[in-house]
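Engineer: So the sequences go chain by chain: A and B. Using the numbering used here, you'd call the opening residue of the first sequence number 244 and step up by one each time. Using the numbering used here, you'd call the opening residue of the second sequence number 365 and step up by one each time.
Don't read these hints as lab results, they were simulated from the structure. Don't take each hint at face value.
Once the Cα atoms are required to be at most 25 Å apart in a straight line, the calculated DMTMM-like pairs of lysine to aspartate or glutamate come out as [unchecked claim]:
{"hint": "1", "chain 1": "A", "residue 1": "Lys-493", "chain 2": "B", "residue 2": "Asp-384"}
{"hint": "2", "chain 1": "A", "residue 1": "Lys-782", "chain 2": "A", "residue 2": "Glu-763"}
{"hint": "3", "chain 1": "A", "residue 1": "Lys-782", "chain 2": "A", "residue 2": "Asp-905"}
{"hint": "4", "chain 1": "A", "residue 1": "Lys-867", "chain 2": "B", "residue 2": "Glu-408"}
{"hint": "5", "chain 1": "A", "residue 1": "Lys-795", "chain 2": "A", "residue 2": "Asp-897"}
{"hint": "6", "chain 1": "A", "residue 1": "Lys-493", "chain 2": "B", "residue 2": "Asp-425"}
{"hint": "7", "chain 1": "A", "residue 1": "Lys-399", "chain 2": "A", "residue 2": "Glu-274"}
{"hint": "8", "chain 1": "A", "residue 1": "Lys-799", "chain 2": "A", "residue 2": "Glu-759"}
{"hint": "9", "chain 1": "A", "residue 1": "Lys-493", "chain 2": "B", "residue 2": "Asp-382"}
{"hint": "10", "chain 1": "A", "residue 1": "Lys-795", "chain 2": "A", "residue 2": "Glu-843"}
{"hint": "11", "chain 1": "A", "residue 1": "Lys-867", "chain 2": "B", "residue 2": "Asp-486"}
{"hint": "12", "chain 1": "A", "residue 1": "Lys-493", "chain 2": "A", "residue 2": "Glu-506"}
{"hint": "13", "chain 1": "A", "residue 1": "Lys-782", "chain 2": "A", "residue 2": "Asp-800"}
{"hint": "14", "chain 1": "A", "residue 1": "Lys-867", "chain 2": "B", "residue 2": "Asp-488"}
{"hint": "15", "chain 1": "A", "residue 1": "Lys-867", "chain 2": "B", "residue 2": "Asp-494"}
{"hint": "16", "chain 1": "A", "residue 1": "Lys-782", "chain 2": "A", "residue 2": "Asp-899"}
Since the model is a prediction, treat every value here as computed from it, not as a measurement.
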Amino acid sequence: MSNAAPSPKLPISLAANPQLSSWVRFAGDGEVTVSPGKVEIGQGIVTALAQIAADELDVDLSRVRMVRASTAASPNEGATSGSLSIQQSGRALRQACAEIRHIFLAAASDRLGVEAGALEVKDGTISGPGNVSTSYWELADEVSLDRNATLAGAPKAANRRTLAGQSVPRLDIPDKVFARRRFIHDLVLPGLLHGRVLRPEIAGAQLATLADASARVAPGLVAIARDGNFVGVVSETENGADAAIHALRKGATWSSSATLPDENDLAAFLKSQPVESTVIDARQSAQSGAIVRTIQRQYSRPYVAHASIAPSCAIAQWDGDRLRVWTHSQGVYLLRADLALVLKLPTANITVEHVEGAGCYGHNAADDVALDAVLLAKAAGGRPVRVQWSRADEMTHAPFGAAMAIEIEADLDGAGEIVDWRHAIWSNGHTARPGRATQPALLAATEIAPAFPRMISTNPPPASGGGGDRNSVPPYDIPAWTITSHRLLTMPIRTSALRTLGAQGNVFAIECFLDEIAAERGEDPVAFRLRHLRDERAKDVIRAAARRADWKPTHKDGIGHGIGYARYKNTGAYCAVVAEIEGADDIRVRRLTIAVDVGEAINPDGVVNQVEGGAIQATSWVLKERVRFDRTGITSNGWTGYPILRFNEVPQVDVDVVQRADIEPVGAGEAAHGPVTAAIANAVFDCLGVRVRNLPITRESLIAAMETS
Amino acid sequence: MSAIRFRLNGVETAVDADPDRPLLDVLRGELGLTGPHFGCGAGECGACHVLLGDRAVTSCDTPLWSAADQDITTVEGLGNAERPHPLQRAFIAEQAMQCGYCVPGIMISAAALLRQNPTPTDADVRAALDRNLCRCGSHNRMIRAVLRAAGEMAAS
């Protein structure tokens with residue numbers, strides 16, 4: 244073993260895209276162009292990255308122009324997902340900018356005849372003793388950034404940062420408030436045509452017959468395109484496209500032999516399917532205490548829809564064998580790879596560029612609609628075609644977050660302490676994102692002829708945070724455990740990444756089970772958790788949330804309090820939540836008191852915004868959300884069938900950010916979902932004395948839980 | 365087909381279109397106003413809200429004919445960067461969104477509320493915005509923004 248310190252490494256995104264000019268350029272007019280590979284999905288990442296760049300370069304934030312990701316020029320940073328954007332893009336940009344500053348200081352030193360150490364940078368102007376000065380822009384012609392990062396130049400110490408750590412207002416919000424065209428839905432291109440796709444209302448359907456006579460006379464019709472089971476229309480107007488697709492729907496008959504599971508017994512379905520089983524983690528105890536009894540509980544969560552407020556939208560344009568695509572995909576390079584597979588076209592012929600959409604919360608139909616637009620644009624004579632899905636298609640054909648059944652068994656000793664712990668998960672895989680396999684993941688690829696097979700969802704490896712198993716390894720000091728993940732090899736209902744992947748289900752199960760064990764022992768659930776944790780950052784967020792919520796408030800009839808804790812992926816943000824609920828026939832969440840530690844919070848208000856949003860979305864999942872289906876198809880095809888939390892139902896959310904400027908930052912967007920879910924369920928028990936182990940917690944599931952308890 | 369006339373954001377406007385078409389389609393299409401957004405097409409989410417007179421309506425299921433001779437206000441008509449509406453200032457001040465797709469419709473619901481009730485309570489704002497959906501979970505910030513705008517309007 245060598246005693247040498249490990250050599251510092253380039254941040255992962257910078258190692259993958261080392262050329263400095265791919266990240267940052269100085270434009271002649273006093274601008275800094277920053278080009279990250281991550282995209283804005285409403286999480287404020289563009290602002291946080293601008294803060295980091297401006298801080299390291301010592302330029303005013305107003306000089307920074309953020310470029311949207313495009314396969315034509317941007318660094319390839321994979322998908323904007325998994326709360327990794329600050330971690331990956333932020334660290335890469337910080338290091339790249341530190342090196343660029345260092346390079347320019349050396350160039351300025353040569354030009355000014357002043358040692359680099361005596362120079363300072365203020366808003367891009369580099370000056371030194373004797374009133375000599377130059378600037379990034381003056382030097383830009385002689386300093387090439389077409390060179391690879393070498394780790395020369397260290398980022399500033401935390402206490403020297405002036406922008407990172409500040410709640411800078413988001414750069415995109417003024418456009419959105421003043422209705423400037425920023426969303427892909429609002430993008431207007433010369434000669435733009437409108438497309439719609441006909442999708443069946445039953446699962447696994449084959450198009451049997453198609454009478455298109457009345458669609459052919461729809462106003463403005465340009466083309467009806469059919470390829471196998473894929474059928475769409477192109478029209479001069481959006482209204483015309485709607486009319487044509489409406490007529491086609493009446494003229495189409497579909498057949499299917501597919502059968503969906505029983506929506507009222509998902510756990511039984513999940514546990515009856517062929518699976519691939521993986522032991523995620525196992526630890527043995529040195530001394531085996533005497534097992535006095537074993538308790539076992541089963542938890543489940545239903546399929547959950549992304550349910551973006553905006554139906555997915557894309558624009559595509561063919562120029563000979565070259566293709567240009569505008570998309571709100573989370574990964575422009577990944578989408579391009581899948582398009583190349585479907586079209587059998589070299590990736591060099593395809594340019595995919597990002598334009599903002601509404602929040603997606605994971606892998607929704609953003610990529611699917613891009614292929615729809617590409618296929619319809621083939622019939623558009625070189626004009627761009629904009630395709631927008633219907634609300635019903637968005638709610639029924641986009642991938643869902645996977646349903647989960649989770650069984651936990653604990654062996655207890657005579658004192659009621661946990662001796663051994665077994666956690667098993669049955670679930671479809673939690674990701675089938677495009678661009679990562681030898682077959683495409685896009686919906687229309689399974690509809691055209693010859694059709695590609697539907698990709699069965701898989702799980703990212705545990706080292707990347709896992710999928711169905713995410714957060715299944717308890718953060719607590721338990722002497723022995725075995726964690727097993729059973730991934731379904733069948734997929735009657737299409738699943739892919741939904742915010743937190745399996746973490747929401749696993750944290751719900753672990754935290755509720757612990758709560759039950761603590762309650763049986765007569766031990767306070769906060770004290771019980773603190774006693775089983777070694778990580779001081781974990782204890783700090785639990786203590787902070789408990790303190791802010793005055794844990795534990797005196798019991799009042801009809802009110803309950805519960806706690807939930809997790810560190811997202813066991814490597815990311817720490818989050819503890821105290822829920823206060825009001826319960827009788829229906830549960831109302833009154834307040835969520837949250838403490839979160841993301842390391843260095845680049846934009847503290849941005850972190851609060853993300854955590855508040857995650858907490859409210861999780862409350863919606865817990866109290867309301869469940870994809871509905873019968874044996875032939877998905878039936879929750881709109882907001883009536885798939886209700887989400889409304890303004891009158893939203894809890895107060897109080898977020899305390901534990902700022903740790905010296906610790907590498909991690910993302911905040913998925914930190915709260917698991918802990919909020921568990922805290923609400925535990926508060927329901929505190930209030931009503933009943934454990935609801937099957938989500939969502941509705942009047943029906945409360946009654947069912949009361950009957951079985 | 366005779367033209368349908370209305371005042372759109374204060375400007376006399378005539379549009380020659382099928383009177384049964386959804387108002388949203390005509391606003392976003394012929395009239396080029398992309399502030400009101402399509403969300404569901406069934407009047408269930410509020411992303412397409414516009415003011416018809418003093419009322420917030422879902423323009424996705426409001427037929428064009430019903431707007432005849434009325435005042436229509438879209439988010440573009442509330443204000444602009446040079447002359448922002450207090451609601452627009454307040455939504456920026458409170459950073460009251462994540463993705464922002466629902467925001468035009470929500471600001472229109474809020475504008476309708478403030479015309480009827482210049483001093484709303486928290487509960488009044490929640491009730492007024494209850495027809496609007498937000499999926500990102502920015503509700504509490506939006507409520508604060510509406511209360512802030514009301515305070516600002518009352519003070520001026």
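Engineer: All hints, please: hold or fail.
Structural biologist: So, going through the hints one by one against the coordinates:
Only pairs whose Cα atoms come within 25 Å are accepted, and Lys-493/A paired with Asp-384/B is accepted, the gap being roughly 20 Å. Taken as a hint, the Lys-782/A and Glu-763/A pair is honoured in the structure, with Cα atoms around 22 Å apart against an allowance of 25 Å. A hinted pair counts as satisfied when its Cα atoms are at most 25 Å apart, and Lys-782/A with Asp-905/A qualifies at roughly 19 Å. Restraint check: the Cα-Cα separation between Lys-867/A and Glu-408/B comes to about 16 Å, which is no more than 25 Å; the hinted pair holds.
Distance hint between Lys-795/A and Asp-897/A is fulfilled; the C-alpha atoms sit about 17 Å from each other, no more than 25 Å. This hinted pair checks out: Lys-493/A and Asp-425/B have alpha carbons roughly 21 Å apart, not beyond 25 Å. Restraint check for Lys-399/A and Glu-274/A: satisfied, since their Cα atoms lie roughly 22 Å apart, inside the 25 Å limit. Between Lys-799/A and Glu-759/A the CA atoms are separated by roughly 20 Å; this keeps the pair inside 25 Å, and the hint holds.
The hinted pair formed by Lys-493/A and Asp-382/B meets the criterion: a straight-line CA distance of about 22 Å does not exceed 25 Å. Between the alpha carbons of Lys-795/A and Glu-843/A the distance comes to roughly 30 Å, so the proposed pair goes past 25 Å and is violated. Annotation: proposed proximity of Lys-867/A to Asp-486/B holds, straight-line Cα distance about 23 Å (limit 25 Å). With a C-alpha separation of about 29 Å, the suggested pairing of Lys-493/A with Glu-506/A is violated against the 25 Å cut-off.
For the proposed pair Lys-782/A and Asp-800/A, the alpha carbon gap of about 30 Å is over 25 Å, so the pair is violated. As the CA atoms of Lys-867/A and Asp-488/B are separated by approximately 23 Å, the hinted pair is consistent with the 25 Å bound. Distance check on the hinted pair: Lys-867/A and Asp-494/B sit about 16 Å apart at the alpha-carbon level, within 25 Å; holds. At most 25 Å may separate the alpha-carbon atoms for a hinted pair to count; Lys-782/A and Asp-899/A meet this at roughly 14 Å.
Of the numbered hints given earlier, the model fails hints 10, 12, 13; all others are met.
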